Amino acid sequence: MTTETHIDIAELRKKQPRFNAIDSGHRACLGCGQALGARLVGEAVGPDIIVANATGCLEIFTTPWPESAWRVPWMHSLFENAGAIASGIEAAMRAQGKSTKVVAMGGDGSTFDIGFQALSGMLEREHNVLYVCYDNEAYMNTGVQRSSSTPHAAMTNTSPPGKARMGKRHLKKDIVQIIAAHHTPYAATASVAYPSDLRKKIRRAMEIEGPTFIQIHAPCPLGWGHEGHESIEVERLAVQTGLFPLVELERGELTGVMPIRQQVPVTEYLKRQQRFRHLFAKGDSRAAEELEHIQALADHNIEVYGLRGEGVDRFDTEGSDTVHRGGQRWA
Amino acid sequence: MMQPLEGSQALARAVALCRPQVVAAYPITPQTHIVENISKLVADGVLNCEFVSVESEFSAASVVLGAAAAGSRAYTATASQGILLMNEVLYNIAGSRIPLVLTCANRAVSSPLSIWNDQQDSMAVRDAGWIQLYCADNQEAVDTTIQAFRIAEATELPVMVCVDGFTLTHTLEGIDIPEVAEVDAFLPPFEFGRKLDPRNPKSLGTLLSPDFYPEARHSHHMALEKAQAVIEQVDADFAAAIGRRSGGLLTVEGPEDARIGILTLGSVIGTFREAAEEGTDLPAAKLIKLRSFRPFPVEALKAAVAGLTDLIVVERALSPGAGGIVGAEVRAAMSELADAPRVHNVALGLGGRDIPMSSYAELLALAERDAPLRFAVFDADLNKLPEEDR
Amino acid sequence: MTILTRANFALPGTSLNYHTGTWRVQKPQHAHASAPCHGVCPAGEDAQAYLAALEEGHPEQAWRILVSANPLPATTGRVCHHPCESACNRGQYDQPIAIHLVERWLGDEAIRHNWAYPVERPKADAPRMAVVGAGPAGLANAYHLLRLGYRVDLFDQLPEAGGTLRTALPPYRLPREVLDAEVQRLLACGIDFHPNKKLGRDLDLDQMRLDYQAVFVAPGLQQGKEWSIDGVVPSDLHSGLDMLRDWISLGVVPKVRSAAVIGGGNTAVDLARILKRAGAAEVHLITHQSLPGDGHPLDVMSAIPREIAQAEEEGVTIHANRGVRRLILRGERVVGIEMVRMKKIDRGAGRPERVAFEGTETVLHVDQIIPAIGQALDADGMHALLGRAAHFHADTWGVSPLEGVFVGGDAREKSGGSVTAAVGDGRRAALAMHRHARGEANPEKEPMAQIIGIESLNLHYYEHAPRPDEPMLPAEQRRGDEEIELGISAEAVRGEAHRCLSCGNCLACDNCWTLCPDSAVLKTREFASDGSHYVFDYDYCKGCGLCAHECPCGYIQMAEDL
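Protein chains in written order, with numbering that gives the first Met the number 0: chain A, 0 to 330; chain B, 0 to 389; chain C, 0 to 561.
Source of the hints: derived by calculation from the structure; they are not laboratory data. All values reported here derive from a predicted model rather than from experimental measurement. One or more hints might be untrue.
If you anchor each label on the Cβ, the simulated ranges turn out as follows [to be verified]:
no., chain 1, residue 1, chain 2, residue 2, range
1, C, Met0, A, Gln15, 41 to 47 Å
2, A, Ala280, C, Leu10, 20 to 26 Å
3, B, Gly242, C, Met0, 45 to 51 Å
Here are a few chain B residues that sit away from chain A, every Cβ distance over 10 Å (derived from the structure) [claimed, not checked]:
no., residue
4, Asp175
5, Asp236
6, Val251
No residue lacks a Cβ here, since even glycine has one placed at the ideal position from N, Cα and C.
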């Protein structure tokens with residue numbers, strides 16, 4: 000079965016059977032979930048797009064001048080205006096009579112927090128923009144500070160645990176529900192641990208004329224405190240525990256969930272990450288209580304979204320990442 | 000055709016003549032009439048453009064930035080708090096070398112809250128890297144708006160057209176609105192070489208290392224310096240096409256042999272002109288109308304003050320703790336002259352305080368002082384202040 | 000000098016100018032490992048490889064991969080105790096792949112479609128090799144010698160080839176038409192078969208050493224072992240092996256009402272089942288060994304577990320962990336036996352000892368006792384090889400003390416004692432004979448990539464799926480030669496190919512290609528030089544290890560790369 004002894008890698012790179020909106024040579028950390036997420040999004044959106052990228056890791060690691068990893072027209076303006084920049088580009092496309100789709104991208108900081116107003120305006124005005132939020136649950140680009148997406152009890156550099164605190168005091172903002180409450184045609188959550196599901200949702204969003212939103216849970220090895228090679232393993236647990244439910248909301252109504260076949264205890268997820276290590280302090284009753292609290296949050300998600308699966312399903316948390324010889328998994 | 004129009008209405012007509020493809024705005028007094036009139040032109044089908052009613056000035060600036068980057072001619076208008084909310088985007092637009100036009104309906108900046116006119120707002124963003132042109136009247140405002148698109152697109156710099164709020168925006172005047180064909184001939188369709196285009200996918204807004212950052216800033220500075228010639232040329236071209244000048248970088252009026260000069264920006268010059276005409280007993284004075292504050296036309300200014308013993312810089316803003324903003328820059332320019340006039344610097348008419356004709360004579364009297372007036376809020380009545388705050 | 004662009008715009012894909020590969024301190028590599036099924040197969044079959052070909056929809060190619068090791072798959076698929084399935088990593092996940100059923104199906108398909116063995120007829124002037132014994136070892140040896148380009152003379156003392164397969168395996172386990180078809184197809188590849196030739200009678204080993212490049216001797220174990228209880232032998236004692244042969248060749252055994260078969264091997268189990276078929280009302284099988292899955296692992300019945308289960312279904316009573324303490328005789332005829340419970344236990348003597356437990360004696364009334372406790376070598380014509388030993392001394396390559404003579408099969412000491420082990424002996428000896436002919440030395444053992452354990456697989460990427468049930472002839476219909484195990488359908492076979500975890504070998508699942516955050520894994524339409532569909536682009540690979548961690552098959556390993 001061995002035929003080739005020499006492969007021209009540069010030529011092979013040109014012949015890859017997928018569209019690479021982001022090419023190699025970008026400077027993301029090892030095992031970066033956002034880099035993976037952005038590449039998966041790029042595959043599904045195809046070349047006829049314009050990207051408006053908020054300030055953040057993705058922007059920084061893809062475009063240190065004179066280099067750019069992007070193969071689609073791309074613009075970075077500021078931290079908090081990706082929604083508005085995208086609105087303007089979309090207005091221009093409309094004015095020019097072009098069908099090019101505009102895709103806005105930002106992290107959780109620029110989406111949940113500082114850029115939220117611009118995003119809300121974009122949704123309200125019904126711009127034909129797909130907004131993709133890479134949610135790694137803190138301000139990673141500035142060195143791991145808490146955002147409104149940071150989960151309860153997580154340690155960041157501005158929510159450190161100590162005698163008086165057990166990490167972040169507040170809850171993770173339920174952004175997808177807030178987005179859906181704009182009467183948005185399509186808002187969904189996705190995870191880089193489930194690439195097929197992610198791309199399916201992106202393609203669905205791309206088909207819709209109007210504002211759509213996808214929140215992609217993307218592990219940050221540096222900020223979460225795990226090894227780069229563990230990114231997918233950790234991320235899969237975020238979904239399988241129920242802490243990050245994969246849902247689809249259309250016009251505010253729940254229209255799809257990825258069922259959890261076997262709910263995994265949250266400790267399995269938490270113990271793999273340094274940001275939760277204070278929750279495993281021996282003999283600290285606060286830690287035990289927080290673990291119970293987080294488990295209750297997961298159970299709550301499972302209940303309100305109806306995530307508990309009813310037996311084996313090829314689209315559930317076990318079936319969705321099943322591999323097949325020849326790669327059909329990734330259709 | 001000359002017609003009686005409210006300043007804002009005339010500005011809206013002028014903007015429409017420039018065929019912007021995307022207009023984005025958020026309402027703020029006294030800018031509202033401009034964008035309301037544009038909205039109506041869009042609603043009536045007179046102007047075919049995407050009018051984006053955004054949720055903040057921050058987004059207004061961002062929308063026009065995105066639109067222009069995508070190759071569409073774009074326009075926005077704001078004032079006061081709005082321009083301050085835009086501030087971060089204004090820097091970004093200019094540094095990104097994106098051509099677009101913004102009307103600033105000049106208004107005081109809170110606090111104290113005031114909706115009335117001064118120029119603190121545009122002065123506050125003078126370092127953003129925009130071209131700033133100040134208009135003396137509504138005809139100039141209309142003509143400068145049309146010129147602004149040509150200047151912006153020729154220089155790849157954004158242009159802020161500063162029009163005094165209420166004083167101009169809400170005043171009815173007889174204004175000549177150029178014909179469509181004239182403007183079309185003067186202003187060709189917008190072609191942007193760096194536009195966001197899937198067929199030629201560039202990346203805009205990259206991260207620049209210290210190895211190149213100073214060069215980028217230098218090039219931005221030089222772009223503004225070089226824009227002086229463009230501003231003059233476009234004004235000349237406009238005169239050739241439409242038959243009117245708007246004043247290039249600056250204009251000087253008054254007797255050749257006058258030894259006193261008054262320099263100012265915006266509509267107050269109208270009051271001074273009238274006062275000079277009526278005040279036959281007053282000393283002869285030159286009126287210097289500074290149209291281009293950015294770029295700051297040092298050479299033109301040096302020529303304009305030749306022969307003057309006293310130059311009175313009247314401005315509508317201040318830098319608390321330092322004094323005048325324009326005054327400081329004028330003094331800096333004068334320092335290059337061997338026989339520079341004495342520079343007196345005052346702020347006048349802040350927060351919409353009426354500038355009566357009588358103030359002209361009071362200003363000229365400054366030339367009689369032994370020492371030049373470094374700075375004063377000229378019309379402030381200190382009796383209105385408690386002792387300790389005077 | 001790099002010149003700044005207007006407002007520092009950048010051109011697409013220029014990040015390729017920056018080689019993030021320089022960050023790397025470890026790098027991913029494709030590391031082919033052996034699947035456990037391959038590692039343990041006595042015949043040397045790579046089941047993973049043929050399951051892969053099957054899943055790709057190439058059954059004939061799958062069979063050719065299979066017969067590149069074992070030319071008798073229709074046979075071994077039926078009679079092997081399939082250690083491959085015991086070792087199969089999938090067994091720790093849900094149920095092992097039914098490898099023996101896939102093997103059997105491929106063997107049957109090959110017969111049905113007359114697929115050609117991957118062998119070329121030897122050249123007329125090719126060197127000659129001799130093979131003595133046409134059992135599984137001899138047949139496999141002859142076949143592999145043929146593949147290596149030799150002319151082969153295959154001798155057997157019986158009129159037909161097949162050896163033990165023919166003399167000791169009941170047709171209900173191995174239908175004769177299957178055996179005949181497979182052996183005939185094999186011989187037809189160009190093996191010169193010489194029946195009715197017996198070493199010591201018709202053939203002389205010394206002469207053969209002169210006549211041939213090398214000689215392979217695999218006579219099997221043809222004689223029953225002697226048996227007595229404290230020197231007492233019943234007058235009407237029958238040898239189990241003889242009774243089995245009679246049944247297979249003549250279809251008759253002496254009529255008995257009740258019998259006790261002594262032994263825990265396949266011969267004992269087969270004999271017990273034959274006695275039931277011959278009409279014995281009661282058949283007991285007595286063994287001091289344990290039933291599979293019970294007792295000391297080194298002291299379990301050597302018979303194939305599924306054969307034991309079938310015997311029980313057919314009414315054979317198995318007395319495990321029992322020893323025969325005493326024969327109860329009336330005159331010289333057996334009327335019963337006294338049994339005692341026994342077990343091999345560790346008493347601190349370094350190795351487990353068999354202990355009889357006093358007070359557990361019971362009496363079993365039977366009118367026949369039939370020992371089936373193993374077979375011995377018929378040493379005729381082989382004294383030079385054997386000396387005083389009961390078995391051939393030889394290494395894994397079958398190299399005997401006699402220059403140019405190679406041995407294998409059941410007669411080899413430390414042979415696996417199974418059909419597949421014999422096939423493996425034949426194959427390895429063929430390689431050794433080839434090396435001998437070329438004057439090359441044998442490696443210490445057969446090269447084999449490291450065997451990969453389940454801990455190296457990423458099981459998240461597989462779905463649980465049941466192993467297919469094999470249809471069986473109901474116990475009440477098992478009266479004679481009818482085959483009991485009926486094989487599985489083509490669809491079920493494909494299902495098994497799909498269930499294969501592809502341990503240590505690329506599944507072409509796209510995981511590495513899909514999950515690399517750096518697009519540093521490139522996909523090839525053709526196979527890359529290492530047999531996968533993927534190439535690492537080390538100019539950009541940062542060495543994060545995600546691909547290795549998420550490879551379902553353990554095919555990617557990280558290596559230091561400083």
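Right, here's what the structure says about each hint:
Our hint of 41 to 47 Å for methionine 0 of chain C and glutamine 15 of chain A is violated, since their Cβ atoms are close to 34 Å apart. Range check, alanine 280 of chain A to leucine 10 of chain C: Cβ separation about 51 Å, and the 20 to 26 Å hint is violated. Evaluation of the 45 to 51 Å hint for glycine 242 of chain B and methionine 0 of chain C yields a pass: the beta carbon distance comes to about 48 Å. Every Cβ of chain A is farther than 10 Å from the Cβ of aspartate 175 of chain B; the closest lies at roughly 29 Å, confirming the non-interface assignment.
Taking the minimum C-beta to C-beta distance to chain A, about 26 Å, the non-interface status of aspartate 236 of chain B holds against the 10 Å cut. Consistency note on valine 251 of chain B: stated as away from chain A, and its beta-carbon is indeed over 10 Å from all of that chain's, at 40 Å minimum.
Comparing the model with each numbered hint stated earlier shows that hints 1, 2 do not hold.
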